[in-house]
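> These are the residues of each chain, in order.
There are 2 protein chains.
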Amino acid sequence: MNKAQWIPILVLRVIAMVATFVATLVMVTSHDSAKVLGMTFQAKYNNSPTLKYFVIVSIITTVYSLAALFIPPKKLWRPVLVFDLIVTSFLISSFSAAVGVGQLGKEGNSHAGWLPICGQVPKFCNHVSGALIAGFVAVIIYFILLLYSLNNVLNLVVFKV
Amino acid sequence: MNKAQWIPILVLRVIAMVATFVATLVMVTSHDSAKVLGMTFQAKYNNSPTLKYFVIVSIITTVYSLAALFIPPKKLWRPVLVFDLIVTSFLISSFSAAVGVGQLGKEGNSHAGWLPICGQVPKFCNHVSGALIAGFVAVIIYFILLLYSLNNVLNLVVFKV
Numbered sequence: 000m001n002k003a004q005w006i007p008i009l010v011l012r013v014i015a016m017v018a019t020f021v022a023t024l025v026m027v028t029s030h031d032s033a034k035v036l037g038m039t040f041q042a043k044y045n046n047s048p049t050l051k052y053f054v055i056v057s058i059i060t061t062v063y064s065l066a067a068l069f070i071p072p073k074k075l076w077r078p079v080l081v082f083d084l085i086v087t088s089f090l091i092s093s094f095s096a097a098v099g100v101g102q103l104g105k106e107g108n109s110h111a112g113w114l115p116i117c118g119q120v121p122k123f124c125n126h127v128s129g130a131l132i133a134g135f136v137a138v139i140i141y142f143i144l145l146l147y148s149l150n151n152v153l154n155l156v157v158f159k160v
Numbered sequence: 000m001n002k003a004q005w006i007p008i009l010v011l012r013v014i015a016m017v018a019t020f021v022a023t024l025v026m027v028t029s030h031d032s033a034k035v036l037g038m039t040f041q042a043k044y045n046n047s048p049t050l051k052y053f054v055i056v057s058i059i060t061t062v063y064s065l066a067a068l069f070i071p072p073k074k075l076w077r078p079v080l081v082f083d084l085i086v087t088s089f090l091i092s093s094f095s096a097a098v099g100v101g102q103l104g105k106e107g108n109s110h111a112g113w114l115p116i117c118g119q120v121p122k123f124c125n126h127v128s129g130a131l132i133a134g135f136v137a138v139i140i141y142f143i144l145l146l147y148s149l150n151n152v153l154n155l156v157v158f159k160v
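Those protein sequences? They're chains X and E, same order as listed.
Heads up, the first sequence is in numbering that gives the first Met the number 0, so the first residue is 0 and it goes up one at a time.
Heads up, the second sequence is in numbering that gives the first Met the number 0, so the first residue is 0 and it goes up one at a time.
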């Protein structure tokens, strides 16, 4: 890859890094409490294994995106491409799982007898929604980065087939 | 890609196709009912938007995997690589979301007041678990297929950088 191809990748990586950093921050600071039938009810991200997984993946992606900015493009583009694929997979995974659980928090599931909780703890739900929006931005940016890197690499393919 | 490189891809695609077909079948046939406090309680996959999403993605992947078997490798490997990437992303997404919701079905979430349902509807839960195992096989196979295709393509790259 040449320099002109490398700059868009740097820009995309910085945007993704900011998005996952914001997602982590907004999710970690999500807490709210409500009194239901005289009992105080605490809502925190770390009460849910799925939201914890979302935070862990967001932190790892932030650190990886920062580290990848300093990798020389000429040498290590092959392992970087594979790592980008792995990071994108985990971003998609943690985002999708968090959306699945977030949807239950918002709508509940009457068949399972699970009541929605967002009416009681709106501040918590707003934070989770904000973190999910930032997470979605990170997913889209990493997907574009992957397609762009692939396109650059595939343009170097000499047809032997 | 030459013929020797194409055969493993065909084999992986057939395995993934069978896995997503089994996942669809096992998930669609998941239903159980229980009487709780005199009320009959029906558990079906289509009571959950997340499990419906899992089934839709499994069906699309089955059809795509079948169709991709008949695509001539010499001509359309570029769009096929991009489609493989998109299909893998949706497989990861639907599998992860279903695991997130399945974990709630099994363990519940005491903080949110959501009780586990697997004790009441074990047949339903066994089917969902079976479908998730098949879904996981499909995710892994598609990921290997993607890495293998990429590796084949990258070996054709002539270093101009």
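I should point out that these hints are in silico values taken from the structure, not numbers from a laboratory.
One or more of the hints may lead you astray.
[As the list claims (entries may be wrong)] From chain X, some residues computed to sit far from chain E (all C-beta separations above 12 Å):
no.: 1; residue: 6
no.: 2; residue: 21
no.: 3; residue: 28
no.: 4; residue: 69
no.: 5; residue: 91
no.: 6; residue: 97
no.: 7; residue: 100
no.: 8; residue: 116
no.: 9; residue: 146
[To be verified] Computed beta-carbon distance windows for the label pairs:
no.: 10; chain 1: X; residue 1: 32; chain 2: E; residue 2: 59; range: 25 to 31 Å
no.: 11; chain 1: E; residue 1: 38; chain 2: X; residue 2: 40; range: 51 to 57 Å
no.: 12; chain 1: X; residue 1: 106; chain 2: E; residue 2: 33; range: 19 to 25 Å
no.: 13; chain 1: E; residue 1: 150; chain 2: X; residue 2: 73; range: 16 to 22 Å
Built from N, CA and C at the ideal position, the CB exists for glycine as well.
> All hints, please: hold or fail.
Structure-based check of all given hints:
1. 6: Non-interface label stands for residue 6/X: nearest chain E Cβ at 15 Å, farther than 12 Å.
2. 21: 21 Å, holds
3. 28: The assertion about residue 28/X holds, with a minimum of 17 Å to chain E.
4. 69: The claim stands: residue 69/X keeps its Cβ more than 12 Å from every Cβ of chain E (closest is about 18 Å).
5. 91: For residue 91/X, whose nearest Cβ neighbour in chain E is about 5 Å away, the distance does not exceed 12 Å, so it is violated.
6. 97: 7 Å, violated
7. 100: Residue 100/X not clear of chain E: closest Cβ-Cβ about 5 Å, inside 12 Å.
8. 116: 5 Å, violated
9. 146: Not fine: 7 Å to the nearest Cβ puts residue 146/X too close to chain E.
10. 32/X <-> 59/E: 25 to 31 Å: Since residue 32/X and residue 59/E have Cβ atoms about 42 Å apart, the given range 25 to 31 Å is violated.
11. 38/E <-> 40/X: 51 to 57 Å: 25 Å, violated
12. 106/X <-> 33/E: 19 to 25 Å: Holds, at about 22 Å.
13. 150/E <-> 73/X: 16 to 22 Å: At roughly 20 Å between Cβ atoms, residue 73/X and residue 150/E fall inside 16 to 22 Å, so the hint holds.
Against the hints set out earlier in the document, violations occur for numbers 5, 6, 7, 8, 9, 10 and 11.
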